[in-house]
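Chemist: Here are the chains, one letter per residue:
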Amino acid sequence: GNSVTQMEGPVTLSEEAFLTINCTYTATGYPSLFWYVQYPGEGLQLLLKATKADDKGSNKGFEATYRKETTSFHLEKGSVQVSDSAVYFCALLLSGGYQKVTFGTGTKLQVIP
Amino acid sequence: DAEITQSPRHKITETGRQVTLACHQTWNHNNMFWYRQDLGHGLRLIHYSYGVQDTNKGEVSDGYSVSRSNTEDLPLTLESAASSQTSVYFCASSESVGQGWSTGELFFGEGSRLTVL
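If you read the sequences in order, they're chains A and B.
Letter by letter, the first sequence follows residues 1 to 113 in our numbering.
Letter by letter, the second sequence follows residues 1001 to 1117 in our numbering.
Simulated from the structure, these hints should not be mistaken for lab results.
Every clue listed holds true.
35 Å max Cα-Cα, derived DSBU-like pairs, lysine-lysine: (1) A:K108 <-> A:K77; (2) A:K68 <-> B:K1057; (3) A:K77 <-> A:K60; (4) B:K1057 <-> A:K108; (5) B:K1057 <-> A:K52; (6) A:K56 <-> A:K68; (7) A:K56 <-> B:K1057; (8) A:K56 <-> A:K77; (9) A:K100 <-> A:K56; (10) B:K1057 <-> A:K100; (11) B:K1011 <-> A:K108; (12) A:K68 <-> A:K108; (13) A:K108 <-> A:K60; (14) A:K100 <-> B:K1011.
With these hints in hand, go ahead and build the complete structure from the sequences.
Modeler: Here it is in structure tokens:
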């Protein structure tokens, strides 16, 4: 079946540190890939996406590159801020037929001043 | 501005009672979804709808039902609440680019926290 695997959290970083959150996927076909972010007490919101191999999604200083050869979509940011503290979800959407988004289990990020 | 709203935001109920969580969106999206969020499980799909009168079961649909009588609303009903249904429930919608097709960008409500005692 289709699935998304994320690194276990929580991840605790100091402000201005480099962030990587790993995400790998299993899917039949060629999925689109997404990162969603959930700030405390809120619903999820789309952070970035990539629809085909080698595409790079970017937003708010975050980046992720769709790597078909390693079935990965790792999230990176060069310098995190306290306001980046949130739960990050990797997700995929298959093409063809009825479409449902499949989410990973989420990775909690805590940034300390 | 378009939005998606859920109510109630917090609910405490007793085992065996029927509970309905409301979801209303003003995006005019055809696709609507209900997820539950539990620690260690992330988001799991309960039910979804690709248009009026269309409903489908997700991966954890047992004990839940939905109905879609108009574009804006997809209420989620727990027919006989159980303690295992204590969770945070999220409604989401997405734009349709054809029957059942989606851009993958989901717009989420703020969630409904349900406690079943």
